[in-house]
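Work out the full structure, taking the sequences as your base and the hints as a guide.
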Amino acid sequence: MSFTEDVKNELARLLRKDKKCRRAELLALLRMRSSVTFGGSDRRGLTFSTGNSAIARRVLTYLKKDFGLQPSAMVRQGRQLRKKNVYTIVLPISKEDLSFLNNMGIDPFGTVNDRETLNNDEEKQAYLAGAFLGGGTVNRPQGDYHLEMVTQSYGFAESLCHILKSFGIKGKLTERKNDYIVYIKDGDDVAEFLQIIGSTQSYMDFESVRVMKDMRNRVNRQVNCETANLQKAVNAAVKQTAQVQSLLQLKTRSQLSPAIREACDARLRYPNLSLSELADICGISKSGLAHRFYKIAHMVEQYGGKKKK
Numbered sequence: 001m002s003f004t005e006d007v008k009n010e011l012a013r014l015l016r017k018d019k020k021c022r023r024a025e026l027l028a029l030l031r032m033r034s035s036v037t038f039g040g041s042d043r044r045g046l047t048f049s050t051g052n053s054a055i056a057r058r059v060l061t062y063l064k065k066d067f068g069l070q071p072s073a074m075v076r077q078g079r080q081l082r083k084k085n086v087y088t089i090v091l092p093i094s095k096e097d098l099s100f101l102n103n104m105g106i107d108p109f110g111t112v113n114d115r116e117t118l119n120n121d122e123e124k125q126a127y128l129a130g131a132f133l134g135g136g137t138v139n140r141p142q143g144d145y146h147l148e149m150v151t152q153s154y155g156f157a158e159s160l161c162h163i164l165k166s167f168g169i170k171g172k173l174t175e176r177k178n179d180y181i182v183y184i185k186d187g188d189d190v191a192e193f194l195q196i197i198g199s200t201q202s203y204m205d206f207e208s209v210r211v212m213k214d215m216r217n218r219v220n221r222q223v224n225c226e227t228a229n230l231q232k233a234v235n236a237a238v239k240q241t242a243q244v245q246s247l248l249q250l251k252t253r254s255q256l257s258p259a260i261r262e263a264c265d266a267r268l269r270y271p272n273l274s275l276s277e278l279a280d281i282c283g284i285s286k287s288g289l290a291h292r293f294y295k296i297a298h299m300v301e302q303y304g305g306k307k308k309k
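Each residue of the sequence shown is one higher than the last, beginning at 1 in this note's numbering.
None of these hints come from the bench; they were simulated from the model. Be aware that one or more of the hints could be misleading.
Said to hold, decoys possible - Distance condition first, Cα-Cα at most 27 Å in a straight line; then the derived DSSO-like pairs of lysine-lysine:
#	residue 1	residue 2
1	20	84
2	239	286
3	17	165
4	64	17
5	64	19
6	170	213
7	232	165
8	172	213
9	177	84
10	19	65
Okay, structure coming up:
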């Protein structure tokens, strides 16, 4: 089961006690997944389809209990390779039924202006939950952070972006073929979205994986940094050893100052130590020892050049 299905199954079991919140969730679901057909005798029909049986039951329950409507339901096998069942709810709507839905703020046929019907944060949260149930997907936290909701209505997509912004979530809008996609790519915002729509268990699972992932990344960065520093120290030690050997071929020890002689002896005796470790043995600062090796390199360049001439 995908992480998206985990989130949707959790939301589909969520009990909403407030009727206005149920209405807000249903409205977003219908915006996402319903279509309208026109039949004879001036009748309209609303059709809602989903591949999730729990979501289908939820829509049926809302329509029957909250609005006293009598939709019919059917199940058919999908045509795709996996052949998942498709659950379709059909609601014939007369003019009277449509008027009733409009009065309740459920108008899947009209202009999208749902923000005016959402009176508080709880209703907005339920609305976002309905939008995700109807057309949302979210990546597993082990991979790249990405959550999106897909709709064919630009106005609906804009409403979702405005509502996300009211919660401090950076939702972006893009167009893909005939669809409009509202997407979130920031890990903190994805986690916040899961929390505000009421997917508590999925939110905790997401955060748990994210914490472990961040810890691994920090450890990897630290290991990489330490490895790079170690390689840098090894390269410096090898270079310093070679320069000391070159200098001793150009000059005798007695021709060197005590400080330079001490640096040469220490590096030849401890070729694998870092500059800091070697400085501790010599009893001087790291910068002081580095300056001595700088002078050794300069002497090799100076005397080596004269010898070539």
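Okay, the hints, checked on the actual structure:
1. 20 - 84: Not OK: residue 20 and residue 84 at ~32 Å, beyond 27 Å, violated.
2. 239 - 286: holds (17 Å)
3. 17 - 165: Distance ~26 Å between residue 17 and residue 165 Cα, so the pair holds.
4. 64 - 17: holds (16 Å)
5. 64 - 19: Since the Cα atoms of residue 64 and residue 19 sit roughly 13 Å apart, the hinted pair holds (cutoff 27 Å).
6. 170 - 213: Since the Cα atoms of residue 170 and residue 213 sit roughly 22 Å apart, the hinted pair holds (cutoff 27 Å).
7. 232 - 165: Not OK: residue 232 and residue 165 at ~47 Å, beyond 27 Å, violated.
8. 172 - 213: holds (25 Å)
9. 177 - 84: holds (25 Å)
10. 19 - 65: holds (10 Å)
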